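**Q** Residue numbers (our numbering), protein chains in the order written: chain S, 1 to 406; chain L, 407 to 591; chain G, 592 to 724.
Accuracy of the hints is not assured; some may be wrong.
[Claimed, not checked] Some but not every residue of chain L turned toward chain S, in silico, with C-beta under 10 Å:
no., residue
1, Ala440
2, Phe441
3, Lys469
[To be verified] Calculated cross-link-like contacts (lysine-lysine; reagent style DSS-like; alpha-carbon spacing at most 30 Å):
no., chain 1, residue 1, chain 2, residue 2
4, G, Lys699, G, Lys646
5, S, Lys164, G, Lys617
6, S, Lys4, L, Lys574
7, L, Lys469, S, Lys257
8, S, Lys4, L, Lys565
9, L, Lys436, S, Lys186
10, S, Lys4, L, Lys436
11, L, Lys436, S, Lys373
12, L, Lys520, L, Lys550
13, S, Lys4, L, Lys570
14, L, Lys469, S, Lys373
15, S, Lys369, L, Lys521
16, G, Lys614, S, Lys201
17, L, Lys436, S, Lys369
18, S, Lys186, L, Lys520
19, G, Lys614, S, Lys228
20, S, Lys186, L, Lys469
21, S, Lys296, L, Lys570
22, L, Lys521, S, Lys380
23, L, Lys520, S, Lys369
24, S, Lys293, L, Lys565
25, L, Lys569, S, Lys4
26, L, Lys570, S, Lys186
27, S, Lys257, L, Lys436
28, G, Lys674, G, Lys646
29, S, Lys387, S, Lys321
30, S, Lys293, L, Lys469
31, L, Lys521, S, Lys186
32, S, Lys369, L, Lys469
33, S, Lys201, G, Lys699
No lab work stands behind these hints: they were computed from the structure. Values in this document were obtained by computation on a predicted structure and should not be read as measured data. Glycine included, C-beta positions come from ideal geometry on N, C-alpha and C.
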Amino acid sequence: MADKIDLLDIEVWDGNMAASQAMRQAQIDVVAAYPITPSTPVVQNYSTFLANNQIDGEFVMVESEHAAMSGCVGASAAGGRVATATSSQGFALMCEVLYQASGMRLPIVMHVVNRALAAPLNVNGDHSDMYLGRDSGWIQADAFNAQEAYDLGLMAFKISEDHKVRLPMMIHQDGFMTSHTAQGVKTLSDDVAYNFIGEFKPMNAMLDLDRPATHGVQTEEDYHYEFKARQHHDLMTFAKAKTQEVFDEFETLTGRKYSMIQEYDMEGADIAIVCMGTSVETARLVATDMRTKGIKAGVIGIRIIRPWPFEEIKEALKDVKAVAALDRSSPNGALGMLYNELAGCLLQNAKPSILSNYVYGLGGRDLTKDNIKQVFTELKANADTGKLTTPTQQWISLNGEALNFF
Amino acid sequence: MLEIRWYSRAGQGAVTGAKGLADVVSTTGKHVQAFAFYGSAKRGAAMSAFNRVSDEEILTHEKYMEPNYVLVIDPALTYSTDITENCNEDTVYIITSHLSKEELIKSQPTLEGKKVFVLDCMTIARETIGRAIPNTPMLGALMKVSEMYEMDFFLENMKRVLKKLPQKIIDGNMLAIQRAYDEVN
Amino acid sequence: MAKNENNGWNDFDIGALLFSFDKETKNIATTLQEDRPYSNSNSFTASVADWRVMKPVFNKEFCIDCQFCWIYCPDMSIISRDKKMIGIDMDHCKGCGICVEVCPTNPKSLLMYDEHLEDEEALIAAWPAKEEK
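In isolation and in its complexed conformation, chain S is listed as follows (with noise of 0.2 Å):
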């Protein structure tokens, strides 16, 4: 039986930390990991608690990031709790096992620590792996801070191990802008969040020997698309109403909310931006700035990336005259990904806002007060003219000439 750890009310911890007490308290069974920077206390956090007697469980080192999430399949297969960290090029490494996860419905949980990907290389925080996995099939969930990098870490496992769920999760923190960036973390007792949790209650498990299943089977053109067919309507509708249920049964107990997307200074909003991360707090601070100012200026933070909660943006957007997306990953000969799945929202309301695509922060680049204040007064200048006065895309705080597009 592990050890408890008796925790104060407000622990100061960054978000590395967050989502490794996260674990630890949701007990799991295994953890497959190749440690990565950003990423790496996470795991190593966790062999820690596991080494002091503080959690049943195993930690397995691989060789791989591949060999890491084949890990997990294996183990979530076999018929335990099981969870992982991972960032960039590990996550990179993985991509292909993730599809594997996700079509297996395993309900495995993995803490994306987001960070650029080479070349050139960089450690430091960008969307890049976020955006590369969000066709895998995971439950995508994101977290501001290293408070909601824990309180998602717990609910992750609720929702992504329903029996109707049966999907594997992602928890997304910004690469040392939380990860490493200590803040007060409200704590739940260990009993009480273990309890919230719920014991892991296994499915169609391997070393079910009662009940042998053969998992990862082959389908051709006779079943794979109707294999995958149930897959994306599971998520759809089963992870998304999960979702939603278990953030109503973590405000009963906390007195915290979430939903599918944070609003924030969106009533009766004339502009608004649309982020991710950090950004979307910074962004807070100067749409309440903006607002002293008698400028409507709101902010959506995207809480669930995927399943993408498409009518809570339509309707949060329906009387918003600009929006903003900004994107932190190069779209690489595109318009950024918030920028055409706003895009694609926007066009079944009766009054499309005029929206702009904002790309910044790559490798980490500072995204500072300043910088949101003039992509505030940018959409001020679209709503009022009734038209799109800047060019579609622009690059923000960027050496060298104005880059943009469109």
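Place chains L and G on chain S using the hints.
**A** Then chains L and G, alone, in the frame of chain S:
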């Protein structure tokens, strides 16, 4: 909001210092933030760490900072780094050096007219902790200069923050904090 | 996987998995194959007999029950009970001939014949004699 910027070399404990400070401040009900930039992430490389303290929830995640305090725990960084970047006239500098305040300002004229405090964290750390880890002495100096907390309260809380270390090291750190508090000027 | 015309996208078990048996089983390892409740999607319920061009014929007279054929058969088609070779599962044998290759007796206890030769008694009656070396 109170903002603090640390200058250090990787391995000298600026991150631990910043996080330790955040930990202590957090127990008083204030909101805190502690983070760092690692640059090339090798021991000995110049790096900076940051603290924010506020009565309100801290939402900003920008790295840009106009600090109230600049803490320099490696003597050479006063010369090789622009420690006055984005500072204002109220910014207070606490700098580790074997020089006197006058000698220091003479050797680095950009500090002319600034609010500068000096102490020798390196010597204090070596003589109390036994190793040149200048982070906790700097916190003692900060307590003196900022009058942030009563010394007894701060020492008690630092004992809790450092509780995983061997008792001898904890005792050394307590001495270091007290000496720095007494010696900074 | 086995195709069933009634399987729409919402009719499958979730996950890319198939169950070997239709119901819960106890002590499956000690249950003989013919007594196991194999599901329709298990390969045991499918016959590959028509894949064969040649078939192995078993002559009990020379068999020493060494179990080589049982170990080497890639389709688990050698039927052995209490470590005695008793015959071949002709639903799953594909006629590869490996059992004949590994049979150590002289003459061999297993030989390959054309699939269409039906009179096995006649084949056994005309079994080759011991080879002198």
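**Q** Give me the numbers of the hints this structure contradicts, sorted from smallest to largest.
**A** Numbers 18, 21, 22, 24, 31, 33 - these are the hints that the structure violates, sorted from lowest upward.
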